[in-house]
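Heads up: the sequence shown begins at 1 in the UniProt record's numbering, then just goes up one per residue.
To be clear, the hints were calculated from the coordinates, so they are not data collected in a lab. There could be a bad hint or two in this list.
The following label-pair restraints were derived from C-beta to C-beta distances [to be verified]:
{"hint": "1", "residue 1": "Ala-60", "residue 2": "Arg-104", "range": "29 to 35 Å"}
{"hint": "2", "residue 1": "Gly-183", "residue 2": "Gly-274", "range": "19 to 25 Å"}
{"hint": "3", "residue 1": "Thr-64", "residue 2": "Arg-112", "range": "20 to 26 Å"}
{"hint": "4", "residue 1": "Arg-44", "residue 2": "Lys-224", "range": "34 to 40 Å"}
Once the Cα atoms are required to be at most 30 Å apart in a straight line, the calculated DSS-like pairs of lysine-lysine come out as [stated by the list, open to error]:
{"hint": "5", "residue 1": "Lys-203", "residue 2": "Lys-148"}
{"hint": "6", "residue 1": "Lys-224", "residue 2": "Lys-203"}
{"hint": "7", "residue 1": "Lys-148", "residue 2": "Lys-49"}
{"hint": "8", "residue 1": "Lys-54", "residue 2": "Lys-203"}
{"hint": "9", "residue 1": "Lys-49", "residue 2": "Lys-203"}
{"hint": "10", "residue 1": "Lys-148", "residue 2": "Lys-54"}
For glycine and all other residues, C-beta sits at the position ideal for the given N, C-alpha and C.
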Amino acid sequence: MAAPSPPSPADDVTLTFGGNATTLLRLGPFTLLTDPNFLHRGQRAYLGKGLWTKRLTEPALQPTQLPALDSILLSHLHADHWDRIATRTLDRGTPVITTRAAARALGRRGFRETVDLTPWQRHELSRDGATLRITSVPGVHGPQPVAKLLPPVMGSVLELVRDGEVSWRGYISGDTVFRPELGEVLERCGPLDVVIPHLGGTKALGFTVTMDGRQGADLVELLKPPVTVPVHYDDYDRFASPLGDFVREVAARRAPGEIRAVTRGETISLRSSGPRPQPGAVPHGH
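Using the sequences and the hints, build the whole thing.
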């Protein structure tokens with residue numbers, strides 16, 4: 001079989017890190033904003049059930065700095081992922097792709113173009129001969145029983161498709177703890193070019209409700225991405241597992257791929273320096 005041709009510059013994929021889980025993704029002709037969080041250092045976010053968290057860092061993206069957006073991708077409706085500034089300033093006509101519960105809540109706030117996805121459901125955007133396919137991946141925001149007290153959460157697989165072939169595929173975990181069932185990402189969608197895990201080992205009600213360094217390394221070992229870009233680990237006072245925990249754990253295990261850390265305000269490529277895991281033919285029957 002002939003080697004796949006390299007992607008064209010029109011299919012460049014980059015991430016600009018705004019802090020916490022807020023990123024600006026430029027995927028070929030598409031521009032997405034994830035989990036918009038614009039609170040400033042010292043401000044507090046209400047998480048529900050009497051839980052608050054204080055921001056420790058200054059965000060690197062503000063609404064006035066955003067380009068035109070094709071969509072906003074929201075993993076769940078917590079105030080460190082969609083805050084009061086986002087509600088007040090973001091265009092209510094911009095499509096928001098999220099969970100059913102978050103879509104309903106945002107609809108009540110006047111956001112009229114919500115797209116609610118159930119696990120493994122897909123949504124597609126098309127432009128300039130390219131398609132961006134977004135698949136909802138189930139996540140669990142903590143162990144039981146605390147998961148029942150926290151909002152439903154979704155991860156996302158993003159696939160850039162041109163001429164019937166996936167030129168890039170990435171997975172954003174959302175706020176979830178590690179579960180072996182996340183291996184379904186590979187079974188249903190195919191090999192990944194990049195994984196963007198939400199880390200931090202967030203503490204709530206005495207439980208760890210996002211992946212800590214050990215669980216993040218478990219995810220890397222499970223999904224074997226060429227590139228991992230960790231986010232969501234030091235911006236709030238409920239984070240208990242800093243980035244160093246994850247980096248040390250991955251190194252100790254000699255886990256596959258490259259850890260590509262990104263600082264707030266920095267833009268990085270989401271392509272690996274080596275070949276893609278394998279040609280990304282569009283799956284059928286899913």
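Verification of the supplied hints:
| no. | hint | verdict |
| --- | --- | --- |
| 1 | Ala-60 with Arg-104: 29 to 35 Å | holds, 30 Å |
| 2 | Gly-183 with Gly-274: 19 to 25 Å | holds, 23 Å |
| 3 | Thr-64 with Arg-112: 20 to 26 Å | holds, 22 Å |
| 4 | Arg-44 with Lys-224: 34 to 40 Å | holds, 38 Å |
| 5 | Lys-203 with Lys-148 | holds, 15 Å |
| 6 | Lys-224 with Lys-203 | holds, 27 Å |
| 7 | Lys-148 with Lys-49 | holds, 11 Å |
| 8 | Lys-54 with Lys-203 | holds, 13 Å |
| 9 | Lys-49 with Lys-203 | holds, 14 Å |
| 10 | Lys-148 with Lys-54 | holds, 23 Å |
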